[in-house]
Amino acid sequence: MHRKVFILMLGLLVLLVVLGACASGSQEKQLVTMEVTKEVTVIVTKEVPAAAAKSKLDVVMERGKLICGVNANLPGFGYLDQNGQYAGFDIDFCKALAAALFDDPSKVEYRPLTAKERFTAVQTGEVDVLIRNTTWTLSRDTSVGMDFAPTTFYDGQGIMVRKADNIKSLEDLQGATICVSTGTTTELNLADQMRAHGIDYTPVVFETADATFGAYEEGRCDAVTTDKSGLVSRKSLLKNPEEHVILDVTLSKEPLSPAVLQGDSKWLDVVKWVVFATFQAEEFGITSQNVDDFKNSDNPGIRRFLGLEGDLGKGLGLTNDFAYRVIKHVGNYAEIYDRNLGPNTPFNLPRGPNSLWTDGGLLYSPPFR
Amino acid sequence: MTTATVSEHARPPFWRDERVLAVIAQIIFLIVVIVVAAYMYSNMYHELSRRGLKPGFDFLKLEAGFPIGETPIPYTPGDTYARAFLVGVVNTIKVSVIGIILATILGIVIGVARLSTNWLLRAIATVYIEIIRNTPLLVQLFFWFTAVMLKFPRIKQAIRLPGPIYLSNRGIAMVWFKPTESFSLWLIFLLAGLVVATLVFRYRSHYQDRTGNPGYPWIFGSATWLLFALVGWFLVPGAPITVDKPVLAGLNFKGGARLTPEFSALLVGLVVYTAAFIAEVVRAGILAVDKGQREAAKALGLTDFQMMRYIVFPQAMRVIIPPLTSQYLNLTKNSSLAVAIGYPDLFNVAGTIFNQTGKSIEVITLIMGSYLSMSLLTSLFMNWYNRRVRLVER
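Protein sequences, first through last, are from chains A and B. Note that this note's numbering gives residue 161 to position 161 of the first sequence, counting from 1, and the numbers run on in steps of one. Note that this note's numbering gives residue 493 to position 124 of the second sequence, counting from 1, and the numbers run on in steps of one.
Mixed in with the good hints, there may be bad ones.
Claimed, not checked - Footprint (simulated), chain A over chain B, 3 or more residues, beta carbon under 8 Å: (1) 517-530; (2) 611-622; (3) 709-717; (4) 726-733.
To be verified - Anything over 10 Å on all C-beta distances counts as not near chain B; from chain A, calculated: (5) Asp269; (6) Ser288; (7) Pro346.
Bear in mind the hints are in silico, worked out from the structure with no lab data behind them. As the structure is a prediction and not an experimental result, all values here were calculated from the model. Glycine residues also receive a C-beta, built at the ideal position from the N, C-alpha and C atoms.
With these hints in hand, go ahead and build the complete structure from the sequences.
Right, here's the structure in full:
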């Protein structure tokens, strides 16, 4: 018995000596050293260069489906519809990405994330891409380790209050209690703006948006704050939406953008150009309905865009018709917007800054060339 | 290996000497642990550095910039992250300490009730324990917060109890004392009174032990302290404390003492939950005391209360303390569920800091370190107390 333990310990000791001597190269116990060293070397060679060379794009293609980090509680953007399927503006961009990669928008695995979990999920590689009403900021782009694709929705932070409280401006919120969700830029903007205006307030910070709006509705807080799109969406869920009003103040710029892990430009390019493809298709007037008609177009720009000429898609590591797949399966930007947030939805959000640059908006795609 | 043949003059070679082997085995184990830890750390460090995220705690010196709902220590958004984190830690300690005291009292009451000869009392205690112990704490916290605290009337229709004490879904606002300039002077009287009162208490207890006549140490002790407080009150210039009444000003109550619904819900939730476990610990402890002890107490003519106080409880303590310690630790750790109902405890505040700085590894290390030190301090104190209780018996 003791002998066995002794041998085991001795074995461990040898292993340690070997590990320690790896660099210096010990002469004794040559035989054992050789074997173990080989093993160690293999592990090392596998890890370092492979991680540097292998893009997320290859990983996703090999896996055969996209893992998309999304919101599950924001009607209009990311939520579960009556059939229990994920739907919404952000979800459609996950689908667009899957369509470009696999020619099949259903090849997506959705991971619902809270605001707090989302960056860790990207950092650890649990999700391939984060499309979850996430604001693009400098620190997130650098120290948090994200890389952002073009903004899909230009938003601004707003404040919702009860009509009965007769609050008209930020100044009226002096001494107020404000409900806010943790892990969001709204939590930070609120603090900044209130300090800039010299307004004292008490924050009540909740983990989830559901808890935040639940507490507001019960009267725990005088006001609740999040992105205006979120307020519109959440207001529709309140018991008596007409009793609440969204103040006519904008606390911040909130460019909501898809994010991927920093330092993988190949994968970032794919996400970027899929988003641009939806802008460009709207500019060309190509929709999911008429995209097949455009196959006969003589316009070289459109022919390149749809992959009938040139090698644009190959350059991205996709097929040349990736833009065609996106438009065919999911539609252009206007279609995605109208389907989720347009006049026929409960939200009826005007396009505002989310119009094409040709219509005075901010959506602008670099040329497909 | 046989041990009989080993004699003094023929020591076995070191690789067969058990004493040497034991030491070597431990050294090897230590090395393995260190190597694995060092490998994991360096792996993390390199991976993060490669992505341009250099780990470090320098961010703690930066300005936090966000307010916190409840600040038991002075704090403004202009303070550092370190200070903000400390506010969270103090909030956790606040709810844990008050929670531990209340849970202990409630737990002992219910544990004793569970063994009562009164059928109704026993039944109520049993039902309480079974319901509370067998439902998740998170669910109970949501219940206390959403279904109890938030169901109080809106702040403008607050219930007014005499005092005044206002109950609304913004919490409890009640009349409280506000120290004036002479308060610190009065505090000296109070502390001096406490010292003298302790001496009087000791003396009266000693008298009781020596003569067997009732010494009323508690009555004498408190009377001494009250005397000091009264004399001090009249000697210091002006009243050392004034009454501070809460008034509804603008959107919220001002003045008085205010308990937020988040704190109240968390405290009630933790106390009710932990008390159920403590009750079982207490019951087990009492049952562990030999029946003969109780019979002897009865034979001496002690009342039920005296029997509990002087015979059963001191002996039960030995059995109760160790599992009680782990219940205290559970309560402290469970307080991190506060984030679900918006109480700014250490976990909640750390979440905001993480959100602002993106320093996940560092913030998580801080969180773990804080809970670990709190738990170890609690254990240390309880172990000390356990030894003290043990020394009393022979």
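Now the hints, each set against the structure:
no.: 1; hint: 517-530; result: holds (count 4)
no.: 2; hint: 611-622; result: holds (count 4)
no.: 3; hint: 709-717; result: holds (count 5)
no.: 4; hint: 726-733; result: holds (count 4)
no.: 5; hint: Asp269; result: 18 Å, holds
no.: 6; hint: Ser288; result: 38 Å, holds
no.: 7; hint: Pro346; result: 26 Å, holds
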